[in-house]
Amino acid sequence: MGKRYAVLWLPYLLTDWYTKHHLDCADEPLVFTVQLRGRMAVSAVNPHAEQLGVVPQMLLADARAAVPQLNVLSDKPARKDKLLRAIGLWCIRYTPLVAVDTTGCLILDITGCAHLWGGEIAYLQEIDRQLCQRGYQVRSAIASTIGAAWALARYGISGTIVPEGIPEKPLLALPIACLRLELSLVEKLLKLGFRTVGHVIGLPDQVLKRRFGNELVQRLAQTMGKEEEFIIDPLKPVLPYTERLPCLEPIKTAKGIEIAIEKLLDKLCQRLIGEGKGVRKVKLSCYRIDGKITSIEIGTNRASAHVKHLLGLFKQKIAALAPGLGVEVFVLEGISVEDATPVQELLWSGEGSLDQEALAELLDKFKGKDPTCSIRRFLPDEHHWPERSIRLATSLTEKRMIAWGRDRPRPVRILTPPHPVAVTAPIPDYPPMLFRYKGEVHLIKKADGPERIEREWWVEQGEHRDYYYVEDDQGRRYWLFRLGHYQGDRSSNWYVHGFFA
Amino acid sequence: MSRRKETVMKKSGEKSICIAELQNQILQWQGFKQVERKHDGLGLGELEQAFPGNVFPVGALHEFICGNKEEEAASSGFLGSLLSFLIQKDGVVLWISGSDQLFAPAMTSFGLEPDRIIFVQIQKQKDLLWALEEGLKCTAVKVVVAEIQEINFVQSRRLQLVVEKSQVTGLLLRFQPRVLGATTCAVRWHIRPRPSYVQDNMPGVGFPVWEAELLKVKNGQPSRWQLIWKQGNLLVEQLYKAKVSVSTDKRKVG
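Residue numbers (the working numbering), protein chains in the order written: chain A, 1 to 501; chain B, 1001 to 1254.
By construction, these hints were calculated from the structure, which means they are not laboratory data.
One or more hints might be untrue.
Calculated lysine to any residue pairs in the SDA-like style (CA-CA distance at most 25 angstroms, straight line) [what the hints assert, rightly or not]:
1) A/Lys-445 - B/Met-1202
2) A/Lys-317 - A/Pro-380
3) B/Lys-1069 - A/Lys-255
4) A/Lys-255 - A/Leu-181
5) A/Lys-438 - A/Pro-418
6) B/Lys-1230 - A/Ile-444
7) B/Lys-1124 - A/Gly-299
8) B/Lys-1165 - A/Leu-311
9) B/Lys-1137 - A/Val-307
10) A/Lys-369 - B/Glu-1150
11) B/Lys-1126 - A/Ala-254
These numbers were taken from a predicted model, which means no experiment stands behind them.
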């Protein structure tokens, strides 16, 4: 099926907008003005003013001289674009792909949309009618190319519909400016007597190219459908990653649901692979015959378009679905879709690097099975305070920015929070002689320290810690610390914070 | 005469090769698959001589029994040093546990970069076992460490079957197990911390010293060593070694 485009041009956009809100001005000539090189120039006119001979680009003084009863309003630079955008967004009810072009027209990609309104004629009439009701005059056309539709909307008869396959005929009599050319080029062409499209269409491309440059040839080809042209930036990017599966019979078994999911995933993943993307979050909504919707959601650690893996994740959750009397429509929606980083597959299976697909899938499985489980990877952080010396890696492949500290001993196992112990310490800043931990007295034979670690004042307030690496008579090694300074008059707070290997 | 001696020599040579092959087959039936000997052991020196074929069993299950927190720490340290041998340059370790007591930065002192460990914390014992099995199935990880208190024979057999297929090494850290029953683990370790040595009564604590005991080893010799972790090397000193005959008679394997 060929592409179909509609172009809407609102010639009196600004004045229509104004008269819509100020009905008393409806029958008076009205212009908007802007500053143009130090002088006031007309930027938009209404039909009355136009009839009296006022046109855009005219100087305000000239316009006033010609039409003394002119109503003059000052224009804001972005107002027109804003209005056009708003109308474009409103048009999304007619097609998902709407764009605003630089000349102030709305381009609608209506491929496969018009039949919903009963054909292209009814479709265009409906849009015209709706816009007219809202007070905007509109000139519109439908054709197989953006260029042809644009030309007809701007210079042809409003409401023209060019059937598929023959774009040239209605265009031949249109002025040359309908090809969306630069003003200088149009002037040059007119000077040489090329007034209509019909004048240039018969000439060989090489000749036109030599005389007038590439632009004319390209525009001509685009208008005639010899060169493809697309809507480049639609107003609202389509949310596309959705697949539907209607069922003839309501489905209520787990196996049936599984098959449905697999079918949907097949379709979705095929498309994702084609676009080089993968899903991070997928939602399955089941529309039950009693009108209720149940849904399950899965997430992955990295963008994936692997049907088997995603199905595995869904399988873990099928039990959470309540099919009730049966499900009639399944909708699978890729909520978060990311570019999949292509992984270079090894011919032989390498052993464990962090960017392996299988590893990410394994972790997804964990998360799918038990959503409360935590999967963590640690990277060094620039803090000395033990609890803050590590931070969580945000992704599986994140590289560390700084090296791991090796200069200070750190315990293999840590107690959170530190456990208070009773300690006998001889002199200030000497390691303790013995401590009592969980009812057992440990005689300290060897010790290292103190290692003073300050609580970073810009993070939190509190006392520093003096850490000692101690070994008791049986060779058991601990990490003790005293909170704050030694105080002669009262006993200090000692804690055991970890166990060394 | 010389010719006869030669034939005898030849025969005995053939015989030993034959026996070695048979032994190898038995080992394979018992789940020791030495697919190809890429490396002659891990470089653990004397420690490896207790194992069948004088090679540290990779792609098998190891149990580490610890009776208290201090032993758990010592076991973790020894595990860290083992891991640094097991995953040489590249490789990922999956560390599954129910708590977050392991302090990752400490692994640097055992020659292991902590960012190559992925910590998975799962509360439920049942899910933890499931995760362990899934982890062992996955060939993208090289070693899976699991802190698991109880594991019975059936559960361990399941794991053993997985390990045989995937050749991933599983290390189980068992803190105060209530029942120390038979499992299919190839090796059962017990690591205890021992006083460190400091030269000439210098102040400070020396390099970590452990006493490692092999309570059980399939087709190997239960032994006991003193291990010192010193600047990236494991210094091994044998304290005790079971005689071969004793081990086959009295120790039940499996």
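(request) May I ask which of the numbered hints given earlier this structure violates, with the numbers listed in increasing order? (result) 2, 3, 4
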